[in-house]
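Here is how the chains run, residue by residue.
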Amino acid sequence: MNVSEPTRRVSITTKDACVDFPIFDAKSRSLKKTVIGLVGGNIASTSKVPIIEALTDVTLHLEHGARVALVGHNGAGKTTLLRLLSGIYEPTRGVAEISGRVAPIFDLGVGMDPEISGLDNIMIRGLFLGMSRKQMEQRIDDIADFTELGDFLRMPLRTYSTGMRVRLALGVVTSIDPEILLLDEGIGAVDAAFLEKSKKRLSDLVDRSGLLVFASHSDEFLRELCDTAIWMEHGRVKMQGELEEVLRAYKGQAA
Amino acid sequence: MSTAPPRSDPRSWSRTAEDLAGGWGQRQLWGHLGWQDIKQRYRRSVLGPIWITISMAVTAIALGILYAGLFGNDLAVQLPYILVGFIVWGFISGCILEGADVFIANEGLIKHLPSPLSVHVYRLVWRQTLLFAHNMIVYLIMLVIFPQPLHWTVVYVVPAVALLMVNGVWVALLLGIITTRFRDLNPITQSIVQLMFFLTPIVWIYEDFLNSANPTIAERARLAELNPFLHFVEIVRRPLLGQDQQLRYWVVVLAITVIGWLVTLFVVRRYRSRVSYWV
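Top line first, the protein sequences correspond to chains A and B.
Once you know that position 66 of the first sequence is 66 in UniProt numbering, the rest is easy, because the numbers rise by one and skip nothing.
Once you know that position 187 of the second sequence is 187 in UniProt numbering, the rest is easy, because the numbers rise by one and skip nothing.
Just chain A, with the same shape it has in the complex (with noise of 0.2 Å):
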């Protein structure tokens, strides 16, 4: 696990993906059922259980230094996708190539733990971005200082408020140096003047990475990292180019 491979090199390359997901309901998600229908002799029954088609034939080719845009409605497979290009879910049909090291910023609360200080979560979330023990302790002043909360980093993170957790996770999260950074939406709940200074840590963050892709509601957000957009629609990618491009033909499509 070296952090520095610098002659590989970063790109995220997908064939005809699908990602479908069967849906076992409580009934056919038990051994009794199989069993049965094995007995049985029932072949037709394991085809039975119901899919739902959550990315259908994604066809992309990123490469070091894209900066790309995720748009669509929800439930449109923004969120999959993203899970797709980092690797999480592996492609049901066809091939997703990544290479490159992987920071997923899905969801700020993600493996945090509420009964440790908040000093301890970011060591913890460090290590679940990828760093090194080493590397956090270097940086642990920096993002001391970015949170601003001071002498509540000793305090278990349960006594924080969420806009005080939200300071704390994005405080690591920008800290960190990722190859292939994707971003969900959620980014909110912080005070205006926070958000000025984490757009500048974000933006920064975007800079040293190799690959973005974001997926936001915000155009404003959009316009200031990303410059091309894929529009996803029903699971499918269904425009792919230049950010202005694209916004304006979903936003003519949503009005």
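Since the hints were made in silico from the structure, they are not lab data.
Yeah, the Cβ is synthetic: ideal placement off N, Cα and C, and Gly gets one too.
Treat the hints with caution; some may be incorrect.
Label-pair distances were calculated between CB atoms; the ranges are [what the hints assert, rightly or not]:
(1) B/S191 / A/K200: 53 to 61 Å
(2) A/K200 / B/I192: 51 to 59 Å
(3) A/K238 / B/R183: 30 to 38 Å
(4) A/E220 / B/A162: 55 to 63 Å
(5) A/Q253 / B/V263: 49 to 57 Å
Based on the hints, put chain B in the right spot on chain A.
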């Protein structure tokens, strides 16, 4: 960290090896989390993780006195036997019970951060190992009160515990994958583990029954050899109580290790990439 080299077929041996080795490479992460789990459990208590040690001591003393009376054994024999058996059983049952829940419990992490599946399993086994270490303090105290005829064979406890850990990893991986798909297996696993506690010589002394004057009892006691857990308990308990080693326990444990890992590798290869869909 998710270094993901070109991925071809998700069901290949190289991806299986990558998952296991990649997870091992993240030792700092699961090492830290394993510790955190232990500290977390006793976070607001004054004594902290020492409670693990204390509750083990209380259980062993109470059961030791009870069963020494019931079986008419000397407490100096019964108590060390129960204590060591309990410590080993704690590790085994922990790996099985938490293993059956390992991916379901980590659903949030699996869906939000791409990391090898094995990270969660290593974290679990590490946590169980730390609990084991805490419990060993009781053993050391017991040695002072009830000295055991220890000789050099006590060093066998090191490979024995290592084997427990190696087996813990495959058990948690295999059970974790299967129960994530078939949720009914979770309660089934729980009842089987509870049952196995009584069928394994932990509170009852195996050799006493084996050498029983009553041939029916001796005959029946031999059936206990069919219980795989007996062999795991024996390889750890015998060196710790200064009893002589028996080759067959080691052979059985090694065979289970090899077969278990083979089966697990096939299952991981086939279903590893499905777990994030199932959780």
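How the hints compare with the structure:
For the pair B/S191 and A/K200, the supplied restraint of 53 to 61 Å holds, since their beta-carbon distance comes to about 57 Å. Checked against the hint of 51 to 59 Å, the pair A/K200 and B/I192 passes, with Cβ atoms roughly 57 Å apart. Range check, A/K238 to B/R183: Cβ separation about 36 Å, and the 30 to 38 Å hint holds. Restraint check, A/E220 to B/A162: a C-beta distance of roughly 57 Å satisfies the suggested window 55 to 63 Å.
Here the CB-CB span from A/Q253 to B/V263 is close to 52 Å, well matched to the stated 49 to 57 Å.
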